[in-house]
Amino acid sequence: HFGHCCSPVPGDRIVGILEPEAGLTVHTIDCQRLADYADDDSVWQDLQWTPQAEQGAVASARIRATIKNAPGVLGQVATIIGEAGGNILNLVMSHRQQDFFDVDIDMEVEDAKHATTIMAALRTNPSVDTVERARG
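So the sequence shown is numbered by the numbering used here: it starts at 1154 and just counts up by one.
Treat each hint with caution, since some may be false.
Subject to a maximum C-alpha distance of 20 Å in a straight line, what follows is the list of computed SDA-like cross-link-like pairs (lysine to any residue) [to be verified]:
1) K1266 to A1212
2) K1221 to T1283
3) K1266 to V1226
4) K1221 to V1168
5) K1221 to R1166
6) K1221 to T1203
7) K1266 to S1213
8) K1221 to S1247
9) K1266 to Q1205
10) K1266 to E1236
11) K1266 to D1252
12) K1266 to Q1201
13) K1266 to T1277
14) K1266 to A1206
15) K1266 to G1228
16) K1266 to V1284
17) K1221 to N1278
18) K1266 to Q1198
19) K1266 to D1194
20) K1266 to P1204
21) K1221 to G1176
22) K1266 to S1247
23) K1266 to K1221
24) K1221 to D1252
25) K1221 to D1183
26) K1221 to E1172
27) K1221 to H1248
28) K1266 to R1217
29) K1221 to A1231
30) K1221 to S1280
31) K1266 to V1168
32) K1266 to H1248
33) K1221 to L1171
34) K1266 to A1175
35) K1266 to N1240
36) K1221 to Q1201
37) K1266 to R1249
38) K1221 to I1233
What the hints contain is simulated information worked out from the structure, not anything from laboratory work. Fair warning: this is a prediction, and the values are worked out from it, not measured in the lab.
Whenever a hint applies, use it, and build me the whole structure from the sequences.
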């Protein structure tokens, strides 16, 4: 299964952590949770995406954005994601301040390149302060 902490998608560099009780969990190579396993080489598994996984895949990527706290901005963000071919699966708002708030968005994408394209489109909106892949 895929780590919910880093939401790996085809095209990401990945590694597996094999635990007896949980089985194999796939993480991105830069997932913060991997630090928990730094001292145990026996659980690490080298992995890579198969060509079949990279062809026509639909995966869930999580991005974290800081956006203006103003009417219509969340709608603009949703429109940008949709126009770029993404589909919002879940959205969680946090760290609300008077002018800005953080939002974690789980969205369907084809691969890592598609997620990067969507993030680039979001960065063109002046109401989006920052956007990045969530990594644990």
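Against the structure, the hints:
Restraint check for K1266 and A1212: the C-alpha separation of about 12 Å stays at or below 20 Å, so the hint holds. Between K1221 and T1283, the direct Cα distance comes to roughly 10 Å. Compliance with the 20 Å bound is thereby established for this hinted pair. Under the criterion of a C-alpha separation no larger than 20 Å, the hint pairing K1266 with V1226 is inconsistent with the structure, at around 25 Å. The hinted pair formed by K1221 and V1168 fails the criterion: a straight-line CA distance of about 35 Å is larger than 20 Å.
Restraint check for K1221 and R1166: not satisfied, since their Cα atoms lie roughly 32 Å apart, outside the 20 Å limit. At roughly 39 Å between alpha-carbon atoms, K1221 and T1203 are farther apart than 20 Å, so this suggested pair is violated. Taken as a hint, the K1266 and S1213 pair is honoured in the structure, with Cα atoms around 13 Å apart against an allowance of 20 Å. For the suggested pair K1221 and S1247, the alpha carbons sit about 13 Å apart, so the restraint of at most 20 Å is met.
Of the supplied pair hints, the one linking K1266 and Q1205 holds, its CA atoms being roughly 16 Å apart against a limit of 20 Å. Between the alpha carbons of K1266 and E1236 the distance comes to roughly 16 Å, so the proposed pair stays at or under 20 Å and holds. Of the pairs offered as hints, the one joining K1266 and D1252 is violated, with about 31 Å between alpha carbons and a cut-off of 20 Å exceeded. With a CA separation close to 16 Å, the supplied pair K1266 and Q1201 stays within the 20 Å bound.
Distance hint between K1266 and T1277 is fulfilled; the C-alpha atoms sit about 17 Å from each other, no more than 20 Å. For the hint linking K1266 to A1206, the alpha-carbon distance of about 14 Å falls within 20 Å, and the restraint holds. Between K1266 and G1228, the direct Cα distance comes to roughly 23 Å. Violation of the 20 Å bound is thereby established for this hinted pair. The hinted pair formed by K1266 and V1284 meets the criterion: a straight-line CA distance of about 15 Å does not exceed 20 Å.
Among the hinted pairs, K1221 with N1278 is consistent with the structure: their alpha-carbon atoms are about 10 Å apart, no more than 20 Å. For the hint pairing K1266 with Q1198, the CA-to-CA distance comes to about 24 Å; that exceeds 20 Å, so the pair is violated. With a CA separation close to 30 Å, the supplied pair K1266 and D1194 exceeds the 20 Å bound. Pair hint K1266 plus P1204 holds up; C-alpha atoms about 15 Å apart against a cutoff of 20 Å.
A threshold of 20 Å between alpha carbons decides the hint, and for K1221 with G1176 the separation of about 41 Å lies outside it, so the pair is violated. Restraint check: the Cα-Cα separation between K1266 and S1247 comes to about 26 Å, which exceeds 20 Å; the hinted pair is violated. Our distance criterion of 20 Å between C-alpha atoms is broken by K1266 and K1221, whose separation comes to about 26 Å. For the hint linking K1221 to D1252, the alpha-carbon distance of about 6 Å falls within 20 Å, and the restraint holds.
Distance check on the hinted pair: K1221 and D1183 sit about 28 Å apart at the alpha-carbon level, beyond 20 Å; violated. With a C-alpha separation of about 41 Å, the suggested pair K1221 and E1172 falls outside the 20 Å cut-off, and the hint is violated. Taking the CA atoms of K1221 and H1248, the gap is about 12 Å. The hint holds against a cut of 20 Å. Of the supplied pair hints, the one linking K1266 and R1217 holds, its CA atoms being roughly 16 Å apart against a limit of 20 Å.
For the given pair, K1221 sits about 14 Å from A1231 by alpha-carbon distance, which is consistent with the 20 Å threshold. Restraint check: the Cα-Cα separation between K1221 and S1280 comes to about 5 Å, which is no more than 20 Å; the hinted pair holds. Proposed proximity of K1266 and V1168 is supported: the alpha carbons are some 19 Å apart, at most 20 Å. Restraint check for K1266 and H1248: the C-alpha separation of about 28 Å exceeds 20 Å, so the hint is violated.
Note on K1221 and L1171: the hinted pairing is violated, with a Cα-Cα distance of about 41 Å set against a maximum of 20 Å. Between K1266 and A1175, the direct Cα distance comes to roughly 29 Å. Violation of the 20 Å bound is thereby established for this hinted pair. Simply put, K1266 and N1240 have alpha-carbon atoms about 15 Å apart, close enough for the 20 Å limit, and the pair holds. Between K1221 and Q1201 the CA atoms are separated by roughly 38 Å; this puts the pair beyond 20 Å, and the hint is violated.
For the hint linking K1266 to R1249, the alpha-carbon distance of about 30 Å lies beyond 20 Å, and the restraint is violated. The suggested pairing of K1221 with I1233 holds, with an alpha-carbon distance near 15 Å, which does not exceed 20 Å.
In the structure shown, a violation is registered for the earlier hints numbered 3, 4, 5, 6, 11, 15, 18, 19, 21, 22, 23, 25, 26, 32, 33, 34, 36, 37, in ascending order.
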